[in-house]
Amino acid sequence: MDSGVDRNRPALGGLWRGLLLAPLVFLALFFFYPLLSIFAVSLAPDGQLNLGSFVEIVTSAYYRETLWFTLWQAALSTLLTLALALPGAYVFVRYRFPGKSLLLALATLPFVLPTVVVATAFSALIGPRGLLNTGLMALFDLDAPPVQLERTLAIILIVHVFYNYAVALRMITSFWANQNPRMEEAARVLGAHGWRLWRDIRLPLLRPAILAAGVLVFIFTFTSFGVVLILGGPRFATLEVEIYRQAANLFNLPMAASLSIVQIGLMFLTMTVYTRLQRRIAADVVSAGYVARRPRNLRERALVLANLALLVVLLFAPLLALVLRSFMAVGAGFTTQYYRLLADNPRQSVLFVPPLQAIGNSLTFALATTALALVLGLITAYLLSRRDTGLVRWLDPLFMLPLATSAVTLGFGYIIALDEPPLNLRASPVLIPLAHTLVALPFVVRSVLPALRSITPSIQEAARVLGASAWQVWRWIDLPLISRGLIVGAIFAFTVSMGEFGASLFIARPDTPTMPVVIFRLLGQPGAANYGQALAMSTLLMAVSAAGFVLIERLRAFGMGEF
Amino acid sequence: MRFRFLLVFVLFALGFVPVLAQDDTLTLVTHDSFNVSEDVLAQFEQEAGVKVEILRSGDAGTMVNQSILSRENPLGDVMFGVDNTFLGRALAEDLFIPYESPLLEDVPDEFKLDEQNRVTPVDYGDVCLNYDIAYFEDNDLPLPESLHDLTKPDYRDLLVVENPATSSPGLAFLLATIVQFGTDGDYTWLDFWRDLVANDVYVSDDWSDAYFNQFTAGGGDGTRPLVVSYASSPPFTVDEDTGQPTTASIVADGMCFRQIEFVGILNGTDNLEAAQQFVDFLLGVPFQEDLPLQMFVFPVNPEAELPQDFQQFGAVPEKPATMDIDDINAHREEWIQAWTETVLR
Numbered sequence: 001m002d003s004g005v006d007r008n009r010p011a012l013g014g015l016w017r018g019l020l021l022a023p024l025v026f027l028a029l030f031f032f033y034p035l036l037s038i039f040a041v042s043l044a045p046d047g048q049l050n051l052g053s054f055v056e057i058v059t060s061a062y063y064r065e066t067l068w069f070t071l072w073q074a075a076l077s078t079l080l081t082l083a084l085a086l087p088g089a090y091v092f093v094r095y096r097f098p099g100k101s102l103l104l105a106l107a108t109l110p111f112v113l114p115t116v117v118v119a120t121a122f123s124a125l126i127g128p129r130g131l132l133n134t135g136l137m138a139l140f141d142l143d144a145p146p147v148q149l150e151r152t153l154a155i156i157l158i159v160h161v162f163y164n165y166a167v168a169l170r171m172i173t174s175f176w177a178n179q180n181p182r183m184e185e186a187a188r189v190l191g192a193h194g195w196r197l198w199r200d201i202r203l204p205l206l207r208p209a210i211l212a213a214g215v216l217v218f219i220f221t222f223t224s225f226g227v228v229l230i231l232g233g234p235r236f237a238t239l240e241v242e243i244y245r246q247a248a249n250l251f252n253l254p255m256a257a258s259l260s261i262v263q264i265g266l267m268f269l270t271m272t273v274y275t276r277l278q279r280r281i282a283a284d285v286v287s288a289g290y291v292a293r294r295p296r297n298l299r300e301r302a303l304v305l306a307n308l309a310l311l312v313v314l315l316f317a318p319l320l321a322l323v324l325r326s327f328m329a330v331g332a333g334f335t336t337q338y339y340r341l342l343a344d345n346p347r348q349s350v351l352f353v354p355p356l357q358a359i360g361n362s363l364t365f366a367l368a369t370t371a372l373a374l375v376l377g378l379i380t381a382y383l384l385s386r387r388d389t390g391l392v393r394w395l396d397p398l399f400m401l402p403l404a405t406s407a408v409t410l411g412f413g414y415i416i417a418l419d420e421p422p423l424n425l426r427a428s429p430v431l432i433p434l435a436h437t438l439v440a441l442p443f444v445v446r447s448v449l450p451a452l453r454s455i456t457p458s459i460q461e462a463a464r465v466l467g468a469s470a471w472q473v474w475r476w477i478d479l480p481l482i483s484r485g486l487i488v489g490a491i492f493a494f495t496v497s498m499g500e501f502g503a504s505l506f507i508a509r510p511d512t513p514t515m516p517v518v519i520f521r522l523l524g525q526p527g528a529a530n531y532g533q534a535l536a537m538s539t540l541l542m543a544v545s546a547a548g549f550v551l552i553e554r555l556r557a558f559g560m561g562e563f
Numbered sequence: 001m002r003f004r005f006l007l008v009f010v011l012f013a014l015g016f017v018p019v020l021a022q023d024d025t026l027t028l029v030t031h032d033s034f035n036v037s038e039d040v041l042a043q044f045e046q047e048a049g050v051k052v053e054i055l056r057s058g059d060a061g062t063m064v065n066q067s068i069l070s071r072e073n074p075l076g077d078v079m080f081g082v083d084n085t086f087l088g089r090a091l092a093e094d095l096f097i098p099y100e101s102p103l104l105e106d107v108p109d110e111f112k113l114d115e116q117n118r119v120t121p122v123d124y125g126d127v128c129l130n131y132d133i134a135y136f137e138d139n140d141l142p143l144p145e146s147l148h149d150l151t152k153p154d155y156r157d158l159l160v161v162e163n164p165a166t167s168s169p170g171l172a173f174l175l176a177t178i179v180q181f182g183t184d185g186d187y188t189w190l191d192f193w194r195d196l197v198a199n200d201v202y203v204s205d206d207w208s209d210a211y212f213n214q215f216t217a218g219g220g221d222g223t224r225p226l227v228v229s230y231a232s233s234p235p236f237t238v239d240e241d242t243g244q245p246t247t248a249s250i251v252a253d254g255m256c257f258r259q260i261e262f263v264g265i266l267n268g269t270d271n272l273e274a275a276q277q278f279v280d281f282l283l284g285v286p287f288q289e290d291l292p293l294q295m296f297v298f299p300v301n302p303e304a305e306l307p308q309d310f311q312q313f314g315a316v317p318e319k320p321a322t323m324d325i326d327d328i329n330a331h332r333e334e335w336i337q338a339w340t341e342t343v344l345r
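Those protein sequence lines, which keep their order, are chains A and B.
Numbering-wise, the numbering used here puts 557 at position 557 of the first sequence, and it's gapless, one number per residue.
Numbering-wise, the numbering used here puts 319 at position 319 of the second sequence, and it's gapless, one number per residue.
Just chain A, with the same shape it has in the complex:
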């Protein structure tokens, strides 16, 4: 630091300084305040210190088992995902084949798909009313569905693998492709083959990526909510589901709050491990990576085909089943009636508004979330990129905290904190985009920050010397350089909001439901019409999520830097 001025940035006016406070105020009001309310309800439900529910969590076998189940199902999901993704990564790094980059891009699709949609898709494929079962029943003239996976651990694990396969695949592939292939070549020359190559060379080499991917998948599956709630039935409960159950069904707010705190603690721990591991991957990149080639012999071709088949079946079978099933009438003919029903709101419906209105709500909320998250995320990124101040060192983890807080916890915090003066927003529809923004904010910050940090100060200084104003510098130097990051952040914010379920289930008012909430309500009702509407709605949500994704991808191709 020279002359007491931040050398990296032009001097800031008072207005800008005030603007910098916005994300902090936002975080304080919509994250820490609800969080503190949870602490208050948990530790002092009646105004006096009472650790009863914590004691119960520790002493009761029930809560210990819930915690244990949450841990081991997450661990098992992670291991399964890695076991499948590793050979996949090998194929993607090693071999060249037609459609490779398209497939890798498409593999990201599940990641943007809402849990409710995925749960519905799997029910449409392998549920009792799904394509597989109705097909088998018609084929072999059976009375009962032969594949009974609903309410089993198996289906939870399958869906978790579906969700996270691509995440692991991409992380490991991109790390692996950048590794120096010489070590492996040397080992081959020295006679290492088959499993020895894996054990002694590849796995140790890939360890940082495997660990980082593993921890990330673990985080996702540890907080699994919609999948377990919809497909698992009443017998299975992760911590997240138990928090919801305690609050919504049993009205045991102190217990729900205490479980939330346990979950926040565990998540924060895992997040810390993850950020450490991620730093290690970033540091290990070398320029001379693996070169992919065509598969040469039958064995190699079979290997490539097997992995691609797995990818395609795992990814597309459920989604295809969802779309097909949504157009299938009870007698297996083609119908569009489920879609037409979405516009109706008969008085006997369990929904307060026509399902179609939920699409409008979801889009509006998602756009509001995107706008808010981009503005706040951008300011936050600037705040965090001023690396010279000591303030930043503790601000950085502060802004990552919402990531460690599960959506259900957040929604729960909102309903206990923001329903009374001074901040009574319970009846206001802004509560949903606020919650979604909080979930999306860390993604936006993480997308923009690297680009912002990579701006060379000398360019800005040169522009200043040439007479550009602070605004002009930002407009013509900063913005073009960070626009890519901004767009990636926008994609995240939009899709996160469209599919967000846990928090919305708590805070969405019946007159402004979102698409995932409506799907969940319809799934819980009997009859072919309700199920069909849930399928139709899920198909639309899938289409909207995918379209949003494509739209913003296209915008990037036009070069947002020129607008």
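Rather than coming from a laboratory, the hints here were simulated on the basis of the structure.
Cβ atoms here follow ideal geometry from the backbone N, Cα and C, with glycine treated the same way.
Some hints could be false.
[To be verified] Chain B is faced by these chain A residues, among others (derived, beta-carbon under 8 Å): (1) Arg245; (2) Gln348; (3) Asp419.
[What the hints assert, rightly or not] Ranges between beta-carbon positions, derived for each pair: (4) B/Asp239 <-> A/Leu320: 39 to 47 Å; (5) B/His148 <-> A/Ala343: 49 to 57 Å; (6) A/Leu320 <-> B/Asn73: 36 to 44 Å.
With chain A fixed as given, assemble chain B onto it according to the hints.
Quick look at chain B alone, frame taken from chain A:
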């Protein structure tokens, strides 16, 4: 150019308008099983000059909890469907304002559980086991004569119950088992449930899944011929050809639990007059006579005439289990939690 796009984008994003409650609508908060004939409701709307909007919020428990959580900003004007199993909580949380309907006079005292008239009884029903008559005849299976019989090997794999945490008949049935077996002694209600689990009882999350999807005679592809439902459900299964129901309920002493459903005017309504009119409407003969065929329950107004099928096939147990609402309120969550630990985990 792109700037304009952004501008439109932001304006659109910020342009959502809060939904404002209108004075000429009356919002009825109720559970998912609420139903009324369109013409009966239309009649009320015309007479009272309001439009009734029906807000279904899950089962009775979820509905009460949700209303308590949004007490500062009530979801509606009237709540119908809070029953004696959840009434204690709703009253303790001050959800309702008192109203004494002139029609209350005719209602038998056994249904009036709140002296201050913060809630008004509307209907009652007995949660009992229902069975598939054909299944029991075809298999030469005797009917269970007590709750304890359900743990016999004869009834293995046959019973479907509802989760008391998410379903009000489920909770009512749980209470019946508590009344029957008690909470202490050699064989408590939890021992009974342990035996039921050993006998492969199936737990559904809600009544509609249990009845329509799991029960053999519920119209779905169910596989279990015994279900926890209402004593008044069988009239709905009358076969058009034979004129006889395909199901019947078991109403032996102590095997059923009586549920009474109430209506209350929500604290904070801005439409008090219409809300009071609505309470009167629910007690009036047209609605009371519409009730049985719409919601599987019996009217509390003695002047309401029961439909033919109901008189013939709807059973009323002589000695249903009952429990004081304060007792229920004091232990409800503790019992549900114990049940969950015993049955589901």
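Structure-based check of each hint:
1. Arg245: holds (7 Å)
2. Gln348: holds (6 Å)
3. Asp419: Holds - the Cβ of A/Asp419 comes within 8 Å of chain B, reaching about 5 Å at its closest.
4. B/Asp239 <-> A/Leu320: 39 to 47 Å: holds (40 Å)
5. B/His148 <-> A/Ala343: 49 to 57 Å: holds (52 Å)
6. A/Leu320 <-> B/Asn73: 36 to 44 Å: Holds, since A/Leu320 and B/Asn73 (Cβ atoms, about 43 Å apart) stay within the stated range.
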